[in-house]
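Asker: From first to last, the protein sequence lines stand for chains P and Z.
Just so we're aligned, residue 29 is where the first sequence starts under the numbering used here, counting upward by one.
Just so we're aligned, residue 29 is where the second sequence starts under the numbering used here, counting upward by one.
Among these hints, one or two may not hold up.
Copies of the same chain look alike in the list, so a pair counts if it works inside one copy or between any two.
[What the hints assert, rightly or not] Mimicking SDA-like on lysine to any residue, the simulated pairs with C-alpha atoms at most 25 Å apart in a straight line are:
(1) K307 - L324
(2) K188 - M242
(3) K154 - N251
(4) K154 - S319
(5) K161 - S319
(6) K66 - C116
(7) K63 - P53
(8) K307 - I238
(9) K257 - E305
Read the hints as simulated data drawn from the structure, not as lab findings.
As a plain string of letters, each chain reads:
Number of protein chains: 2
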Amino acid sequence: EGNTNGEVSEGISSVIPGWFSEISPLWPGEAHSLKVEKILFQGTSDYQKVMVFQSSTYGKVLVLDGVIQLTERDECAYQEMITHLPLCSISNPKKVLVIGGGDGGVLREVSRHSSVEKIDICEIDKMVVDVSKQFFPSVAVGFADPRVTLNIGDGVAFLKAVPEGTYDAVIVDSSDPIGPAKELFEKPFFESVAKALRPGGVVCTQAESIWLHMDIIEDIIENCRQVFKGSVNYAWTTVPTYPSGVIGFMVCSTEGGPAVDFKHPVNPIDDDDSHVETKGPLRFYNSEIHSAAFCLPSFAR
Amino acid sequence: EGNTNGEVSEGISSVIPGWFSEISPLWPGEAHSLKVEKILFQGTSDYQKVMVFQSSTYGKVLVLDGVIQLTERDECAYQEMITHLPLCSISNPKKVLVIGGGDGGVLREVSRHSSVEKIDICEIDKMVVDVSKQFFPSVAVGFADPRVTLNIGDGVAFLKAVPEGTYDAVIVDSSDPIGPAKELFEKPFFESVAKALRPGGVVCTQAESIWLHMDIIEDIIENCRQVFKGSVNYAWTTVPTYPSGVIGFMVCSTEGGPAVDFKHPVNPIDDDDSHVETKGPLRFYNSEIHSAAFCLPSFAR
């Protein structure tokens with residue numbers, strides 16, 4: 029109590045007793061706090077601190093290194109958008125790779141696409157997978173799909189070993205560009221992604237908030253333009269428990285295949301499909317929201 | 029210190045020393061906090077507590093009854109959207125009424141429209157106007173326009189006295205439906221608005237967040253459908269310092285005049301116009317963002 033410098037050293041922040049506060053040099057001068065009902069898990073993996081708590085109004089919450097990764101109440105927006113922005117933009121996706129995404133939410137969304145035959149995931153931190161399976165069954169349900177192969181390891185190394193042109197889509201569900209995900213925002217990584225994609229294949233990668241990180245985003249866009257020679261677009265969506273309330277995505281395609289127009293998706297998801305039975309209906313994504321995600325405010329154009 | 033029940037009784041919250049924390053029964057279990065550099069003003073008007081502080085990363089901040097109304101960093105999104113959603117949807121608006129909006133930001137945006145001849149504003153709290161003129165000159169610049177007439181008083185009473193069919197557009201820039209703005213969310217008020225509008229005139233009113241207040245929004249929509257017989261639409265935008273990071277608007281039109289299709293604006297703002305010289309360029313609004321604002325997530329459709 030009385031600690032004003034925002035250290036989040038032992039799970040629950042000391043700055044608001046009984047609340048979790050998210051304070052980081054990545055968003056200086058602002059904090060977002062959720063009231064804690066009960067801490068369900070605290071551990072330290074080889075890579076980061078992992079915490080799960082029951083919040084009073086956002087359901088269960090997954091926190092890595094003091095940063096909220098998902099809450100049961102609003103995870104739909106992030107998981108559905110990062111997945112369906114790329115997969116609904118190409119016809120008939122068959123092979124998909126997920127880098128990060130150890131909570132299983134992106135897998136759940138990928139598996140809604142009946143054309144998909146193979147889903148590989150490479151997550152560096154086994155503790156994230158185990159904790160998600162234990163505490164977030166409606167998210168980790170993605171792991172149950174028989175098309176999924178889980179690889180525990182470094183995404184950068186995994187991608188380097190992938191034969192050229194293997195995947196129709198790669199989804200990079202990373203945490204912020206400090207900590208274990210740092211390399212996933214750098215050019216050599218994007219080059220590995222491009223190589224792993226078939227001609228005209230697509231990538232979607234978490235790309236921060238235009239309200240907070242225009243400088244980081246401009247660097248990412250510049251790197252993507254140099255590496256991906258097809259379409260290069262920035263899209264965004266709302267996620268209340270992320271800093272500034274929004275999060276962005278880079279969606280890009282490689283050259284040499286069918287041209288990809290991300291703003292006009294060619295592969296809509298039919299909400300009546302069988303996926304609804306096991307995974308529930310889509311809560312956030314629809315074709316209108318897809319196109320709207322590419323409309324940017326004047327300051328960010 | 030050590031106060032866990034979130035009282036915001038004396039300006040700066042005691043829950044994070046040195047920070048302002050926004051805690052309210054309207055968004056239970058979550059709090060949004062900004063680091064305070066310096067408190068610039070604290071006063072109590074006949075209606076509410078008024079505070080201005082210099083934040084460390086969001087510029088100056090206006091707070092009413094413990095709730096953030098605007099910050100210099102992100103006010104553009106709210107002010108531009110609540111104004112141009114209605115005014116860009118009709119040809120040649122001439123007479124506009126603003127209810128609330130005592131900071132002057134909506135006036136600033138209305139005055140970008142060269143067709144407008146008369147701008148009335150009715151704000152209940154003179155302290156909000158005075159404080160805004162003193163601390164937020166780039167927002168309160170709206171009051172300087174010679175077309176503006178300021179009325180200090182109750183918006184409900186003001187509207188009742190307006191001759192039928194006076195205005196092309198009414199903009200209701202209210203605080204939340206607890207406190208002095210309560211009546212501005214109720215049906216009799218909407219009926220007064222409809223009467224004050226010309227046939228085919230438009231209204232835009234602050235209408236809360238779909239992430240937090242679907243129940244309130246459903247009531248507002250139901251009331252609007254009963255009162256406004258033209259178009260009735262909900263739109264939304266991102267504002268990082270508002271709870272959940274988004275805010276919504278009801279945009280409606282009355283019957284008997286030209287049909288209004290809010291999703292396809294007929295009256296674009298030309299950014300090269302003379303308004304840019306005195307008010308700066310539009311920072312947020314553009315025609316693409318206008319149409320995208322009407323695309324809702326599946327859970328809110």
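Asker: Hint by hint, say whether it matches the structure.
Answerer: Here is how each hint holds up against the structure:
Proximity of K307 to L324 under the C-alpha cut-off of 25 Å is restricted to the inter-copy arrangement: shortest distance 21 Å between copies versus 31 Å within a copy. With identical chains, the CA atoms of K188 and M242 are never at most 25 Å apart, being 29 Å at best within one copy and 47 Å at best between copies. Taking CA atoms no more than 25 Å apart as the test, K154 paired with N251 passes in neither setting, with 30 Å inside one copy and 52 Å between copies. Taking the closest pair of Cα atoms, K154 and S319 never come within 25 Å of each other, the shortest separation being 35 Å inside a single copy and 43 Å across copies.
Taking identical chains as interchangeable, the C-alpha atoms of K161 and S319 are never at most 25 Å apart, the minima being 33 Å within one chain and 40 Å between chains. In this assembly of identical chains, the alpha carbons of K66 and C116 never lie at most 25 Å apart, being 39 Å within a copy and 49 Å across copies at closest. Both within a single protomer and between protomers do K63 and P53 lie at most 25 Å apart by alpha-carbon distance, with minima of 22 Å and 13 Å respectively. In this assembly of identical chains, K307 and I238 lie within 25 Å of each other by CA distance solely across copies; the values are 23 Å between and 31 Å within a copy.
Taking the shortest alpha-carbon separations for K257 and E305, neither the intra-copy value of 39 Å nor the inter-copy value of 39 Å comes in at or below 25 Å.
Comparing the model with each numbered hint stated earlier shows that hints 2, 3, 4, 5, 6, 9 do not hold.
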